Amino acid sequence: MRIGFKKTIATIAVAGALSLGGSAIAQAAPDRATIPAVAGSSESDALQALSDAGFTHVTTDYDRPDATVVGTNFQAGTKVSENASILVIVGNG
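FYI, the numbering for the sequence shown is -28 to -1, 1 to 65, going by mature numbering (1 follows the signal peptide of the UniProt record, and there is no 0).
Treat the hints with care, as some may be off.
[Claimed, not checked] Cut-off 20 Å, straight-line C-alpha distance, at most; resulting in silico cross-link-like pairs (SDA-like, lysine to any residue):
1. K51 - T6
2. K51 - T31
3. K51 - A5
[Claimed, not checked] So the derived label-pair ranges between C-beta atoms look like this:
4. P8 - R36: 27 to 33 Å
5. P8 - G63: 14 to 20 Å
6. R4 - T40: 14 to 20 Å
Keep in mind the hints are simulated off the structure, nothing from the lab. These figures come from a predicted structure and were not determined experimentally. Note that CB positions come from ideal geometry on N, CA and C, so glycine has one too.
With the sequences and hints as input, model every part of the structure.
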């Protein structure tokens, strides 16, 4: 009976350590944000929407604020790291 009690205590201790470690890993994961739907908007509006969503690494493949956005390198609605590099793909106006 005494060995069974020790095994039970050891099992509970291991389970507790694993669950604490798992939550620490989840908390250490980078923040994730949803890519907003920006297709059809102007380049400046798309950049503002992505900034408002929390993205800081945003570039465009065409530098003209009145150009129409075709999309981004991630599909709208996708959750990605706020540190991800987002490419705004624009048409020629």
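Okay, the hints, checked on the actual structure:
1. K51 - T6: Within the cut-off at roughly 4 Å; holds.
2. K51 - T31: Within the cut-off at roughly 18 Å; holds.
3. K51 - A5: 5 Å, holds
4. P8 - R36: 27 to 33 Å: Cβ of P8 to Cβ of R36: about 20 Å, so the range 27 to 33 Å is violated.
5. P8 - G63: 14 to 20 Å: 18 Å, holds
6. R4 - T40: 14 to 20 Å: 28 Å, violated
The structure shown violates the earlier hints numbered 4, 6.
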